[in-house]
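Asker: So the chains spell out like this:
There are 2 protein chains.
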Amino acid sequence: MEGYKTFLVFLVSTLLLGFLGVIFTLVWVLHWREGLGWDGGAAEFNWHPVLVTSGFIFIQGIAIIVYRLPWTWKCSKLLMKFIHSGLHLTALVFTIVALVAVFDFHNAKNIPNMYSLHSWIGLTVVILYALQLVLGVSVYLLPFAPNTLRAVLMPIHVYSGLLIFTTVIATALMGITEKLIFSLKEPPYSKMPPEAIFVNTFGLLILVFGGLVVWMVTTPAWKRPREQDIKTLSPTVFSPERTEEGSTVTEKSDVELNSEAARKRILKLDEAGQRSTM
Amino acid sequence: MEGYKTFLVFLVSTLLLGFLGVIFTLVWVLHWREGLGWDGGAAEFNWHPVLVTSGFIFIQGIAIIVYRLPWTWKCSKLLMKFIHSGLHLTALVFTIVALVAVFDFHNAKNIPNMYSLHSWIGLTVVILYALQLVLGVSVYLLPFAPNTLRAVLMPIHVYSGLLIFTTVIATALMGITEKLIFSLKEPPYSKMPPEAIFVNTFGLLILVFGGLVVWMVTTPAWKRPREQDIKTLSPTVFSPERTEEGSTVTEKSDVELNSEAARKRILKLDEAGQRSTM
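Chains as they are written, first to last, in UniProt numbering: chain P, 1 to 278; chain B, 1 to 278.
Hints in this document: simulated from the structure, not taken from any laboratory.
For clarity, every value in this text was computed on a predicted model and none was experimentally measured.
Be careful, since some hints might not be right.
It does not matter which identical chain is used: a pair holds within one copy or between any two.
Stated by the list, open to error - Derived pair list, reagent style DSS-like, types lysine-lysine, alpha-carbon separation capped at 25 Å:
{"id": "1", "residue 1": "K191", "residue 2": "K109"}
{"id": "2", "residue 1": "K223", "residue 2": "K77"}
{"id": "3", "residue 1": "K77", "residue 2": "K109"}
{"id": "4", "residue 1": "K185", "residue 2": "K223"}
{"id": "5", "residue 1": "K223", "residue 2": "K191"}
{"id": "6", "residue 1": "K223", "residue 2": "K179"}
{"id": "7", "residue 1": "K191", "residue 2": "K179"}
{"id": "8", "residue 1": "K185", "residue 2": "K109"}
{"id": "9", "residue 1": "K5", "residue 2": "K185"}
{"id": "10", "residue 1": "K77", "residue 2": "K185"}
{"id": "11", "residue 1": "K74", "residue 2": "K185"}
{"id": "12", "residue 1": "K191", "residue 2": "K77"}
{"id": "13", "residue 1": "K179", "residue 2": "K74"}
{"id": "14", "residue 1": "K109", "residue 2": "K74"}
{"id": "15", "residue 1": "K81", "residue 2": "K179"}
Take the sequences, apply the hints, and build the full model.
Answerer: Now the structure itself:
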């Protein structure tokens, strides 16, 4: 892999920020708020930020970059697809419980549901996430879809996945804003009590986490090589020293390149594959 | 250009949504709020959403996709760089006035500045936008930077540009949330008065606008061809009929492809160029 050390720095930073985000939301609800519970009260609402941060943000982020881990390149693509979709399914389950928590809390307290922009975008993005998962599994995990359909849908799969992920981050930032305005009263949000500074910092953490995930998944040099390239590689290609040399995995055979038709086909495939590097 | 008709549909939808976004924010402040003025009161604050939407969102979005317009491919790259950076500079000026409006309003009303997550992320992203503009002009518009530096920095320029743009959209959604909570009192936001529905819809509009801009700028087939390719094209290549055939502009000479060294170089360039398709 090209830029292996830089990749490691990004990976460690991403994991650290995501993990810190989860810790921050736990400290927020356990230290400054009413803790966690399932009683229709504030402690039940508190599952909402905790599960969204750990599932919809952290686990989804890991699911997005999991193909980029060079140690997994020796694993079969099928296994990686199971891991990718399994992580997304886990994130979806976390998110659905997070939604149940907030609807339960609203209903118990007679607070209207679905009035805020946060709720409009949030519910839309959860539905789109479920659709993305169903479509992804149907086309890429199950063995029925033809390769041409898979190739045609890949740019849309990648784009909509990243659109959903970045929208989740934006929705979380709106949720943080709402919650701080509603819950900080004495002193209010505008007086910047320690909780406000702590939770603002938490918002910055998840924003930077999102930025790192998108960088990692859109760096072409860190993309998982194609299956046929992996098969022709010696086992040592997966070691950092070998993979840092880089270009082997993106090369095509000389025979192919000597043919004009093959050349055009390769250029076309390269172009089509550009979005899938995202 | 490949997929010319699809490109046109996306372009018209993007422009329409961006324009609608500006109209929505004007209707919001002129019909439901206190109008526009420069008196330290609410009418001065109202310049903030109007200028952010028209400048930091709409004009910045146009600046991002301006290289993708096939009618501009016959214009020199230098002219296009002037237009790209000129639009970004215009957006920055709008945004600075938008910031002055909100600080002026806060100071006149003794409302604290810079306590919310919206303000933290918002000010950071304005500073990063100014830095991005200065760096972009220094490296790509002024004639001093060597080509190697330009190539090395291009993926970062493109990534940080899109990170800034998407963060601006997220920050605007937070700002809408804040403003609706603070200003809707009788009836409150939670009772969903018409203004709440109207402004929530405005939030959806700018979110979809952002999604369309990112799609347009990350579609490899819609990327502006490289200069040397443009020079070798007949003038008819810029017409929709000709450009729909597509692949001409991405082809390399046969001479280059027959050389093993050249082949590796091309593959390397293709890979490096993938981010710049974003």
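Asker: The structure should be examined with respect to each hint, and the outcome stated for every one.
Answerer: Verification of the hints:
1. In this homomeric assembly, K191 and K109 come within 25 Å of each other (Cα to Cα) only across copies, at 15 Å, whereas the closest approach inside a single copy is 27 Å.
2. Only within a single protomer do K223 and K77 lie at most 25 Å apart by alpha-carbon distance; the minimum there is 13 Å, versus 30 Å between protomers.
3. Taking CA atoms no more than 25 Å apart as the test, K77 paired with K109 passes in neither setting, with 48 Å inside one copy and 60 Å between copies.
4. Proximity of K185 and K223 under a CA criterion of 25 Å is satisfied in neither setting, with 48 Å inside one chain copy and 51 Å between copies.
5. With identical chains, the CA atoms of K223 and K191 are never at most 25 Å apart, being 46 Å at best within one copy and 48 Å at best between copies.
6. Proximity of K223 and K179 under a CA criterion of 25 Å is satisfied in neither setting, with 38 Å inside one chain copy and 42 Å between copies.
7. Taking the closest pair of Cα atoms, K191 and K179 come within 25 Å of each other both inside a single copy (15 Å) and across two copies (17 Å).
8. In this assembly of identical chains, K185 and K109 lie within 25 Å of each other by CA distance both inside one copy and across copies; the values are 18 Å within and 19 Å between.
9. Proximity of K5 and K185 under a CA criterion of 25 Å is satisfied in neither setting, with 47 Å inside one chain copy and 54 Å between copies.
10. Taking the closest pair of Cα atoms, K77 and K185 never come within 25 Å of each other, the shortest separation being 52 Å inside a single copy and 55 Å across copies.
11. Taking the closest pair of Cα atoms, K74 and K185 never come within 25 Å of each other, the shortest separation being 55 Å inside a single copy and 59 Å across copies.
12. Taking CA atoms no more than 25 Å apart as the test, K191 paired with K77 passes in neither setting, with 53 Å inside one copy and 50 Å between copies.
13. Within a single copy, K179 and K74 get their C-alpha atoms no closer than 45 Å, and across copies no closer than 52 Å, so neither meets the 25 Å cut-off.
14. In the homo-oligomer, the alpha carbons of K109 and K74 never lie at most 25 Å apart, since the shortest distance is 52 Å inside one protomer and 63 Å across protomers.
15. Taking the shortest Cα distances, K81 and K179 never come within 25 Å of each other, neither inside one copy (36 Å) nor across copies (43 Å).
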